[in-house]
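Protein chains: 2
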Amino acid sequence: MKNEKNEINIGLLGYGVVGSGVATILHNHQDDLRHKLGVPVSIKKVLVKNLDKKRNGVIPKEMFTTSLEEVLNDPEIDLIIEVTGGSSEAIRRALEAGKGVVTANKDVMAESGPELLKLADENKCDLLYEASVGGGIPLIRTLEDGLASDRITALTGIVNGTTNFILTKMKHENKTYEDALAEATELGFAEADPSADVDGIDAARKMVILASLSFSTEVHLDDVFVRGMKEIADGDLQLAEQFGYTIKMTGSAKKDEEGIEVAVEPVFVPNSHPLATVNNEFNAVYVYSDSVGETMFYGPGAGSLPTATSVTGDVVAACRNILLGVNGKRMHAPQFERKVKSDDQKHARYIHRITVRDEVGVLTELTSIYSHHKASLATVVQDSDLHEEGADLIFITHKISRQQHLDILADLKDTPAVIDISSHYRVEGE
Amino acid sequence: MKNEKNEINIGLLGYGVVGSGVATILHNHQDDLRHKLGVPVSIKKVLVKNLDKKRNGVIPKEMFTTSLEEVLNDPEIDLIIEVTGGSSEAIRRALEAGKGVVTANKDVMAESGPELLKLADENKCDLLYEASVGGGIPLIRTLEDGLASDRITALTGIVNGTTNFILTKMKHENKTYEDALAEATELGFAEADPSADVDGIDAARKMVILASLSFSTEVHLDDVFVRGMKEIADGDLQLAEQFGYTIKMTGSAKKDEEGIEVAVEPVFVPNSHPLATVNNEFNAVYVYSDSVGETMFYGPGAGSLPTATSVTGDVVAACRNILLGVNGKRMHAPQFERKVKSDDQKHARYIHRITVRDEVGVLTELTSIYSHHKASLATVVQDSDLHEEGADLIFITHKISRQQHLDILADLKDTPAVIDISSHYRVEGE
Numbered sequence: 001m002k003n004e005k006n007e008i009n010i011g012l013l014g015y016g017v018v019g020s021g022v023a024t025i026l027h028n029h030q031d032d033l034r035h036k037l038g039v040p041v042s043i044k045k046v047l048v049k050n051l052d053k054k055r056n057g058v059i060p061k062e063m064f065t066t067s068l069e070e071v072l073n074d075p076e077i078d079l080i081i082e083v084t085g086g087s088s089e090a091i092r093r094a095l096e097a098g099k100g101v102v103t104a105n106k107d108v109m110a111e112s113g114p115e116l117l118k119l120a121d122e123n124k125c126d127l128l129y130e131a132s133v134g135g136g137i138p139l140i141r142t143l144e145d146g147l148a149s150d151r152i153t154a155l156t157g158i159v160n161g162t163t164n165f166i167l168t169k170m171k172h173e174n175k176t177y178e179d180a181l182a183e184a185t186e187l188g189f190a191e192a193d194p195s196a197d198v199d200g201i202d203a204a205r206k207m208v209i210l211a212s213l214s215f216s217t218e219v220h221l222d223d224v225f226v227r228g229m230k231e232i233a234d235g236d237l238q239l240a241e242q243f244g245y246t247i248k249m250t251g252s253a254k255k256d257e258e259g260i261e262v263a264v265e266p267v268f269v270p271n272s273h274p275l276a277t278v279n280n281e282f283n284a285v286y287v288y289s290d291s292v293g294e295t296m297f298y299g300p301g302a303g304s305l306p307t308a309t310s311v312t313g314d315v316v317a318a319c320r321n322i323l324l325g326v327n328g329k330r331m332h333a334p335q336f337e338r339k340v341k342s343d344d345q346k347h348a349r350y351i352h353r354i355t356v357r358d359e360v361g362v363l364t365e366l367t368s369i370y371s372h373h374k375a376s377l378a379t380v381v382q383d384s385d386l387h388e389e390g391a392d393l394i395f396i397t398h399k400i401s402r403q404q405h406l407d408i409l410a411d412l413k414d415t416p417a418v419i420d421i422s423s424h425y426r427v428e429g430e
Numbered sequence: 001m002k003n004e005k006n007e008i009n010i011g012l013l014g015y016g017v018v019g020s021g022v023a024t025i026l027h028n029h030q031d032d033l034r035h036k037l038g039v040p041v042s043i044k045k046v047l048v049k050n051l052d053k054k055r056n057g058v059i060p061k062e063m064f065t066t067s068l069e070e071v072l073n074d075p076e077i078d079l080i081i082e083v084t085g086g087s088s089e090a091i092r093r094a095l096e097a098g099k100g101v102v103t104a105n106k107d108v109m110a111e112s113g114p115e116l117l118k119l120a121d122e123n124k125c126d127l128l129y130e131a132s133v134g135g136g137i138p139l140i141r142t143l144e145d146g147l148a149s150d151r152i153t154a155l156t157g158i159v160n161g162t163t164n165f166i167l168t169k170m171k172h173e174n175k176t177y178e179d180a181l182a183e184a185t186e187l188g189f190a191e192a193d194p195s196a197d198v199d200g201i202d203a204a205r206k207m208v209i210l211a212s213l214s215f216s217t218e219v220h221l222d223d224v225f226v227r228g229m230k231e232i233a234d235g236d237l238q239l240a241e242q243f244g245y246t247i248k249m250t251g252s253a254k255k256d257e258e259g260i261e262v263a264v265e266p267v268f269v270p271n272s273h274p275l276a277t278v279n280n281e282f283n284a285v286y287v288y289s290d291s292v293g294e295t296m297f298y299g300p301g302a303g304s305l306p307t308a309t310s311v312t313g314d315v316v317a318a319c320r321n322i323l324l325g326v327n328g329k330r331m332h333a334p335q336f337e338r339k340v341k342s343d344d345q346k347h348a349r350y351i352h353r354i355t356v357r358d359e360v361g362v363l364t365e366l367t368s369i370y371s372h373h374k375a376s377l378a379t380v381v382q383d384s385d386l387h388e389e390g391a392d393l394i395f396i397t398h399k400i401s402r403q404q405h406l407d408i409l410a411d412l413k414d415t416p417a418v419i420d421i422s423s424h425y426r427v428e429g430e
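Chains as they are written, first to last, in UniProt numbering: chain E, 1 to 430; chain X, 1 to 430.
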């Protein structure tokens with residue numbers, strides 16, 4: 001059933017940097033859009049908080065309104081662009097009013113994505129959210145397009161620009177965490193309160209969105225195992241380098257017959273892996289799929305222009321679907337039941353850095369803990385530098401379960417010769 | 001003007017690994033496609049050379065034909081998939097018959113792309129060619145989508161898997177060129193006659209396709225400056241490593257007010273650049289654009305499944321356009337006049353490796369050549385190892401024009417103290 005529309009009208013909620021950017025792009029490219037879609041696309045109303053604020057830009061004054069009702073009740077408006085960063089309320093009501101929605105709202109999509117997408121399906125509307133993950137990288141659309149003829153088995157992403165910026169500065173410029181964070185804040189890459197970034201919450205939200213989509217299953221924020229940047233101990237970055245790795249804050253998601261596993265944590269990435277050279281504020285997502293194999297999508301994870309460009313891409317897609325009459329038919333609703341793996345079912349290589357007393361027989365005592373838990377070791381290194389408190393031992397395991405890893409750490413902690421478990425990491429991307 | 005079709009029929013030309021792969025994907029995902037497009041999509045006829053050949057797969061026997069006429073004259077067929085790897089003849093006739101075309105044919109697109117795209121426009125058809133560059137990477141579509149609201153200023157790509165595989169093995173496993181090539185041939189990454197790959201012709205064809213699209217201008221194969229892998233001298237990979245670079249065969253394309261420049265050659269890429277870790281047979285294209293900034297798309301550059309997946313993606317897009325009635329409205333025809341930069345107008349940093357007689361005053365003599373040509377030097381290193389024929393001097397310039405670079409090389413060659421110009425490279429990605 002194709003739609004007989006001969007124009008598409010848009011209601012824009014929010015006119016900050018992203019909103020005004022979208023308006024400008026739609027204005028500047030109206031001829032291209034008309035060519036692409038066959039009908040004109042234009043913004044009809046713009047919701048703002050304050051009508052009196054002085055605004056430059058392409059929107060005539062009479063289009064601004066402070067009434068959400070006015071926008072949602074306008075029968076000529078087909079599509080809502082939500083860039084207020086607020087709650088899910090406006091999105092929900094727009095969908096209920098039968099209007100398609102394009103949003104950049106990561107928090108709402110992570111919290112209520114499945115529910116909102118179901119609502120979109122029920123109301124035969126599209127809900128597109130490209131800009132919610134990976135800023136300017138055309139990621140969601142590429143994953144969705146690919147899913148039409150392929151199956152994604154895993155993805156690993158650097159999806160938080162702040163932490164990646166900090167880690168890059170620490171590695172390449174030998175900055176301290178504090179100095180690197182200060183620089184990130186100064187450049188606008190970090191918020192005044194950076195905890196959502198450095199504790200991994202922001203990345204976890206994005207991984208919820210990516211994993212739900214990629215595996216067509218519901219994923220809750222609670223399903224994501226999260227370790228923040230503060231787990232990185234002094235000297236760990238150098239240690240990684242010494243073994244040919246780079247420490248990155250990654251989000252990783254896998255699915256197999258047993259279920260899904262999603263984690264956000266600092267990991268060791270081999271230097272030969274493409275994710276190891278994703279530096280500064282850049283984001284990248286590395287995708288493993290059945291047919292195409294391995295692909296990676298890299299780009300700016302934030303910024304008003306990149307984000308506005310992604311929103312505009314969604315607008316084009318949404319308009320196309322409205323005109324084709326296939327809006328709301330994208331099978332948003334999860335096809336598979338939510339099944340989260342237990343720690344027994346997650347497998348990886350681990351790196352343990354243990355500070356021990358410099359005594360005879362310590363190494364034998366510790367390696368026996370690994371054998372007791374049936375964990376075989378790939379590498380054992382005693383760091384040549386004795387420090388005040390003792391010696392550093394580095395253990396790199398072959399593949400073990402996360403449960404084995406946790407059991408070993410618990411036993412190590414209970415060993416009198418062990419002064420401290422300085423740090424431990426999963427190895428990613430091997 | 002939307003189209004009133006309630007089904008889309010496809011004529012498939014060629015049933016080799018890619019063709020049969022496409023047929024299988026379309027068959028296995030027919031429900032998804034129907035959901036996405038609102039109408040069923042199916043293959044109606046398949047052109048093969050030999051009807052008697054035994055074939056497994058999803059296509060019933062009576063659909064095969066040896067007559068191109070029969071496929072092209074079937075009024076019910078809307079779309080042609082060309083995966084024969086033959087001449088442009090079939091594509092041309094399909095477009096003249098008013099049928100959309102999806103092709104994986106890189107040679108034809110590089111040779112006759114602009115002409116065929118014009119023909120497609122004239123006949124109100126689409127001509128899509130995602131699989132012609134970067135195998136399974138959704139590259140062309142992403143560039144085209146992006147171009148609706150952004151402007152590409154440059155791109156650098158590793159677009160030939162064979163040479164990248166060889167260079168990776170040479171760097172990481174210390175293999176000789178010959179051994180690495182033999183391994184590539186054995187694994188099916190290199191043809192029996194690898195000259196199109198190692199001489200850079202294959203990459204040049206792909207760069208013609210990417211540059212024409214990205215800059216919306218006609219680019220001829222002759223416009224591409226090409227240097228093959230044989231320009232890499234013994235010891236160059238180690239030399240690059242010593243200075244923090246990796247040698248990669250890249251295609252690069254830039255556009256500014258003065259015109260375009262397109263080159264395929266071995267270059268020095270800084271190790272911190274994402275392209276430096278694109279290894280083995282993988283391809284990647286790094287894109288610089290006005291709004292989004294820097295993005296990179298990475299994945300398998302060849303292979304039957306990845307290629308078939310890309311072709312299927314094009315089929316979905318072509319069907320969508322047919323149903324929307326916007327096929328042939330993608331403004332294929334170049335918008336800008338072809339204007340190729342002269343060597344005076346191309347700027348980069350260069351690395352010169354010169355073997356000189358071990359005599360007093362040589363360094364002064366050589367540096368004076370650089371100053372004479374107003375080229376300032378960033379680094380000058382005399383390699384500590386004296387070899388039989390003399391000493392190695394390494395010069396790394398600041399940005400100079402390609403003309404300066406050539407003039408300096410000519411003067412160096414004429415200097416009696418210079419035994420040989422061992423090698424020279426452009427620095428890419430800085």
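If you are wondering where the hints come from, they were derived from the structure by calculation, not from laboratory data.
A couple of the hints might just be wrong.
Since the list can't tell identical chains apart, any single copy or any two copies may satisfy a pair.
Below, a list of computed lysine-lysine pairs in the DSBU-like style, where the Cα atoms sit at most 35 Å apart [stated by the list, open to error]:
#  : residue 1 : residue 2
1  : K230      : K44
2  : K399      : K171
3  : K44       : K339
4  : K339      : K171
5  : K5        : K124
6  : K44       : K61
7  : K374      : K61
8  : K399      : K175
9  : K339      : K61
10 : K399      : K49
11 : K61       : K399
12 : K5        : K44
13 : K346      : K44
14 : K124      : K175
Going through the hints against the structure:
1. For the homomeric pair K230 and K44, neither the shortest alpha-carbon distance inside one copy (47 Å) nor that between copies (60 Å) is at most 35 Å.
2. In this assembly of identical chains, K399 and K171 lie within 35 Å of each other by CA distance both inside one copy and across copies; the values are 27 Å within and 28 Å between.
3. In this assembly of identical chains, the alpha carbons of K44 and K339 never lie at most 35 Å apart, being 44 Å within a copy and 41 Å across copies at closest.
4. Proximity of K339 and K171 under a CA criterion of 35 Å is satisfied in neither setting, with 37 Å inside one chain copy and 43 Å between copies.
5. Proximity of K5 and K124 under a CA criterion of 35 Å is satisfied in both settings, with 16 Å inside one chain copy and 22 Å between copies.
6. With identical chains, the CA atoms of K44 and K61 are at most 35 Å apart within one copy only, with a shortest distance of 11 Å there and 55 Å across copies.
7. In this homomeric assembly, K374 and K61 never come within 35 Å of each other (Cα to Cα): the closest approach is 71 Å inside a single copy and 56 Å across copies.
8. Proximity of K399 and K175 under a CA criterion of 35 Å is satisfied in both settings, with 33 Å inside one chain copy and 30 Å between copies.
9. In this assembly of identical chains, K339 and K61 lie within 35 Å of each other by CA distance neither inside one copy nor across copies; the values are 51 Å within and 43 Å between.
10. Taking the shortest Cα distances, K399 and K49 never come within 35 Å of each other, neither inside one copy (55 Å) nor across copies (50 Å).
11. In this assembly of identical chains, the alpha carbons of K61 and K399 never lie at most 35 Å apart, being 62 Å within a copy and 49 Å across copies at closest.
12. In this assembly of identical chains, the alpha carbons of K5 and K44 lie at most 35 Å apart whether taken from the same copy (16 Å) or from different copies (32 Å).
13. For the homomeric pair K346 and K44, neither the shortest alpha-carbon distance inside one copy (51 Å) nor that between copies (46 Å) is at most 35 Å.
14. Taking the closest pair of Cα atoms, K124 and K175 never come within 35 Å of each other, the shortest separation being 52 Å inside a single copy and 58 Å across copies.
Checked against the numbered hints above, the structure violates hints 1, 3, 4, 7, 9, 10, 11, 13, 14; every other hint is satisfied.
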